[in-house]
Structure formats: structure tokens, C-alpha cells
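Trainee: Required output: the full structure, derived from the provided sequences and hints.
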Amino acid sequence: MPAAEAEDDEAAADEEKSIGSDDGSPSGSSRAASRYRSRLRDHSNGFVMSNEDSIWRADGPGVPDCPDIAHLHSTELERLKLIVIKGTISKPNLTLNELRLLSRSSEGLVHGEFIAIQSKYLQLINLFIVFSMTDKIRKLLWPKLLKLPEKEDDVVESLEDVHKLIDGDVYYQIQKDVARSNSHMPEDTPDEEMEKFQTELTQIICWVLSRHPELNYYQGYNDVAATVLLVMGLQQGLQVLEKISVTFLERFMEKTMEKVNQELFYIFALLDREHPLLLEHLENVELFPHFALAEYTTWYAHKYSENRKLLHRLFDFFLGSPPLIPLYLSTKIVAYRDKEIFNTTPDMGHTHKVLSTLPDDLPFEKLLYHTTKLYQLFPPDSIDSDVREFDFKRRRKEQEWKSRTEAVRNERERQRSLRVARTQQPKIPIRLRSYKTFTVVTILAFGLYAFLKTSSGLN
Amino acid sequence: MSYAYLFKYIIIGDTGVGKSCLLLQFTDKRFQPVHDLTIGVEFGARMITIDGKQIKLQIWDTAGQEAFRSITRSYYRGAAGALLVYDITRRETFNHLTTWLEDARQHSNSNMVIMLIGNKSDLDARREVKREEGEAFAREHGLVFMETSAKTAANVEEAFINTAKEIYEKIQEGVFDINNEANGIKIGPSHSPSSPGGIAGTGGQGSSQGGGCC
Chain A
1 MPAAEAEDDE AAADEEKSIG SDDGSPSGSS RAASRYRSRL RDHSNGFVMS NEDSIWRADG
61 PGVPDCPDIA HLHSTELERL KLIVIKGTIS KPNLTLNELR LLSRSSEGLV HGEFIAIQSK
121 YLQLINLFIV FSMTDKIRKL LWPKLLKLPE KEDDVVESLE DVHKLIDGDV YYQIQKDVAR
181 SNSHMPEDTP DEEMEKFQTE LTQIICWVLS RHPELNYYQG YNDVAATVLL VMGLQQGLQV
241 LEKISVTFLE RFMEKTMEKV NQELFYIFAL LDREHPLLLE HLENVELFPH FALAEYTTWY
301 AHKYSENRKL LHRLFDFFLG SPPLIPLYLS TKIVAYRDKE IFNTTPDMGH THKVLSTLPD
361 DLPFEKLLYH TTKLYQLFPP DSIDSDVREF DFKRRRKEQE WKSRTEAVRN ERERQRSLRV
421 ARTQQPKIPI RLRSYKTFTV VTILAFGLYA FLKTSSGLN
Chain B
1 MSYAYLFKYI IIGDTGVGKS CLLLQFTDKR FQPVHDLTIG VEFGARMITI DGKQIKLQIW
61 DTAGQEAFRS ITRSYYRGAA GALLVYDITR RETFNHLTTW LEDARQHSNS NMVIMLIGNK
121 SDLDARREVK REEGEAFARE HGLVFMETSA KTAANVEEAF INTAKEIYEK IQEGVFDINN
181 EANGIKIGPS HSPSSPGGIA GTGGQGSSQG GGCC
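These protein sequence lines map, in sequence, to chains A and B. Residue 107 in full-length UniProt numbering sits at position 107 of the first sequence, with consecutive numbering throughout. Residue 61 in full-length UniProt numbering sits at position 61 of the second sequence, with consecutive numbering throughout.
These are calculated hints, taken from the structure and not from any lab test. Some hints could be false.
As the list claims (entries may be wrong) - Cross-link-like lysine-lysine pairs, in silico, BS3-like; alpha carbons within 30 Å at most:
hint	chain 1	residue 1	chain 2	residue 2
1	B	LYS53	A	LYS176
2	B	LYS130	A	LYS353
3	B	LYS170	A	LYS397
To be verified - If the Cβ cut is set under 10 Å, some of the chain B residues that face chain A in the computed set are:
hint	residue
4	GLY52
5	ARG69
6	SER110
Glycine included, every Cβ here is placed at the ideal spot set by N, Cα and C.
Mentor: Spelled out as C-alpha cells, the structure:
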């Protein structure tokens, strides 16, 4: 396995030298190529960031640039990982950029160690040990990736009461969602342990929300929180989840998902360059990019809650990348699945279903590698206007639809009132009443006349 | 598989009332005690028979959380039927019905058939909303009403099928303009002699790429 992965890495490195065509999918148009060339001129090395990702530029003067690292051969990368892992994590000259590169590179923060263990002990090490060891390393490195200050051993107290600081309805919602988060734990987890997990998950979520009233809880946040909790533990997880929330997830934590609704169109704007034929197909079936909503808002923690190894590796990648990168990964996955999509019943529903159900065997390492490349080619600011255009089209369609239904509704109302007016006319109750009165009066008068007549006759 | 008509549904209602479980019970005939929460929208489809005609139901299941409303609203468009679901063991889910109904009426076509569903009827011991209250609400707002249990499957088939019957009747009465796709109804390929793909393939899609089942 590691050998195959190493080969994959080599292949990827070779491919980097001849960027242009991407994993077999029809490469972008000539427009894309020229954009790429101009990009290449502007940013000949390093990771290209957009204005929106300014936090990723704000490394500050304390963290020196290391342009060379972007061109390290994969084996050198692995060596670097080993250095990091072999107890030199606090190596003073390891820059944040180096760390981010490691987290994005093949197998994230654990591959080097994996190889080391494999070669040393090979069959002696069972998977569980490898698994828990790697998360141990993440526990040290995730806070660093998030630029959190060195941990002082102060413990956050009274977490059991922290829920009192947030809105009752929100707390109720969190409890409901936490109860539905058990898929993050193995199936045979004892009740006691499951209960502890649920309690801590509720606490970690409530703690972050209590400190940030501007952040609104959304369904799916529980999945991100569960992932952080399981890697970091409760006390260390608090700061990590808080930093992830304010740095990456804040866009999902506005009052509504309107912003996300727009951002999802990055996938379409990117497909327009990556795979225009596929985009045409998706637009023909009138698909919205909502199939990627859960991937984007939970960093795949909703889909892959049961596959910790993959999920944690994806978190390595996202923590070392700009906030919009999950949309680039979604694009790569959609393009990769093009045949499957073309073979699906060509309508919105079935296409949505296929795209929102992710297979378990996606070649993620390769996809992540190409995701970074795609970001370098088309950073967000280079496609922003297209994204707005897609979103504008959506709004316009919805507006048209709204006015059409309103027109139909008004027309129905008009018809109904006309019908009511028409049915009211023939009733004419007064006439009817006067007719009756007339009859009664006539009969009475006739009777009186007859009575008088007879009585006068009698007399 | 060919069909005479295709009806589009949307399932709405508060989070945790059992919308996804109703769909799963209807499409797969199974129940998941702890169902994953729905983020955004999910989709399911099934074929039913009414009046000897094959009818394909395409159902959009939506997230109940308020935050997702800006996303789920897009799916009212082109829905011929809606299942508005509340949980009989949680009073607040019943209290929110008016808001849901307003939202539905505002964003859907005016002919949409709405079925009010009081779900979790198997939990009668924990009941907070009387059946009569559901009936009264439905009467007042011109909805069809039914209590269901996604767990025991009680009334689940009926809920989806009766909604389809209502839509079918409306078609027979000429209330629905079946040529306007925005009404959430399509005529199946077998019923559309003029064009081989019918209007089933949206946006001029060729049917040659079609695969999979319903």
C-alpha cells in the first residue's frame, strides 16, 4: 500500500511538471489555458491566495516565506514529515507554510510516520495502533496549523453549565443533533462511553457558541465538532473548534445560508473551465449545486463520520488550505464522476441523488493534489464574477417563478370573485320575500272581503 | 420504466419530525431509529399505480432547520404535492405549522395539494397534539389530514398515495395545466405521442443517456 502511494506521489510530482491536462477529464478551454498562463506569470511559485483568504496571507513577519518547499520532491516531503514527527515538532525553524504544505501533501500529517512504522515493525503493528498514533500527532499539529498560542495547562471549568449561556431553543436543537451524531463512534461503543461522548460534544459546541453570539448554530456543525473532539479531546478541542469556527465556518454561521447558496456556484464556475460538457449537462437537468452543501459545510464529516482515517486526513488538508478549497475538491470529485453522471437518468432529482451520495473508494490523495492545482489555476478572485453571474441567474429564475405563481394566484382570486358575484345575482331574496308577502296579503284581503261579504249577507 | 404521469412532491416541517423517515419508509420500506439529519435537500422516487395508471413520484425531502430555508425554498418550485409534517409528541412542531403553510403558499404554485401529517402515531403515550386538533387545522386551511407512523409504516403508503389521488383528480377536473411543467406534473413518455422524449426530459435532454430505474 505505501509503495503504491509513493508511486502515486511520484506520478503526481511528474504531472506537476507538465500541468495542463487533468486526470483524464476534458481539460478546460483555451480560455482556461490562457488564464492559467497569466496566472503562472503572476504567481510562479507558492500557493496563490485570494483577497478573501486574507487570513492565509497574514502569516506575519514572524513566519518567513519558504518558496523552496513548494518544489520539494515527494521523498523530501516525507523526510520533512518524519523530522516533524520524530519529536521535533517544536523545531523553531519549521514555518507555518511548511506545516501547511505538509498537511496538504500526500496522506496529510501522518504518512511519514506510517511508513516508518511499517518498515520498522511491519506486521507487528496492528492498524489500531497506527490509527491512534497518527491522531496523537494531529493533536500536536492542528493547533499549530491554526496558529493557536502554545497551550498553557489551564483547564476550562464548569463546562457542565455552559449551555445555560446560550438560547434555550438552540440548546434544544443541539441536544437533538448530538443524539443523532453517534455514527462518529464505533458501533460497539459501550453505553457509558457513548454518553460521555454526547455530553462532551454538547459541551464543546455550547462553549464555542457561548463565546461567539454572532455565530449561529447550523445542522452539520455537530459533525465538525465531533471530529475535532475525537482528535483533540475536550479541553484541547475547545480552542481548536473555536478557531476553526471563526476562521473557516463563520460563513455557514450567518442567520441564513444565503451566502453559502451563492458560494456553491464556485463549483459551476470551476466546471465551466474544467469540464464544460458536464456543466452543460448539469444545467440542462436544472440542477442546483446543493448536492455539495453537506460536504462544504461539514468538511465531509457528515458523509464520512464512520471513516475516521479518511475524515481526519481531509481535515489536515482543509486546515492547511484556504476556506473555499472544499468547493474546489467538490468540483474535482464531480468531474471525476462524469461518466457516472452522464449515465444517470437525466433529471434534477436523480442527478442530485447520485452526486450527494459519495462512493467510499474515491482516490482522495490524487483528488486533493489536483484540488490544490485547480486552486492555483483559478483562485477565487479570478472566477468571482462568474459565480455572481450564476447566482444572479438563479435569483432571476426564482423571481420569474414567483411573479408567475403570483399572477396565477391573482387570476384565480379574480375568477373566484367573479363567480361569487355571478352566483349572487339570481338569488334576489327581497323580491322573493315581497312575492310571498304579496300572496299572503292578497289571501288575507280576499278572506276579509269574503268574511265581510258573508257577514253582511247574514245580516 | 415508463409512466403515465410524474408528480413532484416536497416534504416540509420542523426538524426531527420524521420527514426523512417517512420518505425512507415509503421508498425503501424500512425504518432507521436514529436517522441522519438532513443537510439541505435529499431525493427519493417511487412508482405507484392509480386508476390503473403508472405514476412516478419524485420526492424532495428538505432540512427542517430555519437556517436552510433559503436553500430549501427553491424546491417548492414545480411541486404538485406537499407533505407538511409535524410530530404528535412535540407541541411546538404543531404550533409552527402556520409559518410552514405561509412559506409553502408563498413559494409554491397555488394548485399544490398539501397533505398535513401528524407523524409518530405509534408514540400515543407521549402524545401532545390530539388528532382532533390536527383535523381542525386541516379543515380550517383546506388541507388533507392523516396521522402516520414512519416506524410501523401505518398510513405511510396512504399519505403519499392519497396525495397523488388528489392531484390526479385535479388533473381529471382540468384544474392542473399538465403542459406547464411548473405545476410539478409531467406526462410520461408513453402518453406523449407528439414527441418521443415527451416533456419528461427537461431542457431538451435526449433520452439516450437515460439509465437507472425510476
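Trainee: Could you run down the list of hints and mark each one as holding or not?
Mentor: Hints, verified against the model:
no.	hint	result
1	LYS53(B) with LYS176(A)	42 Å, violated
2	LYS130(B) with LYS353(A)	36 Å, violated
3	LYS170(B) with LYS397(A)	27 Å, holds
4	GLY52	24 Å, violated
5	ARG69	7 Å, holds
6	SER110	5 Å, holds
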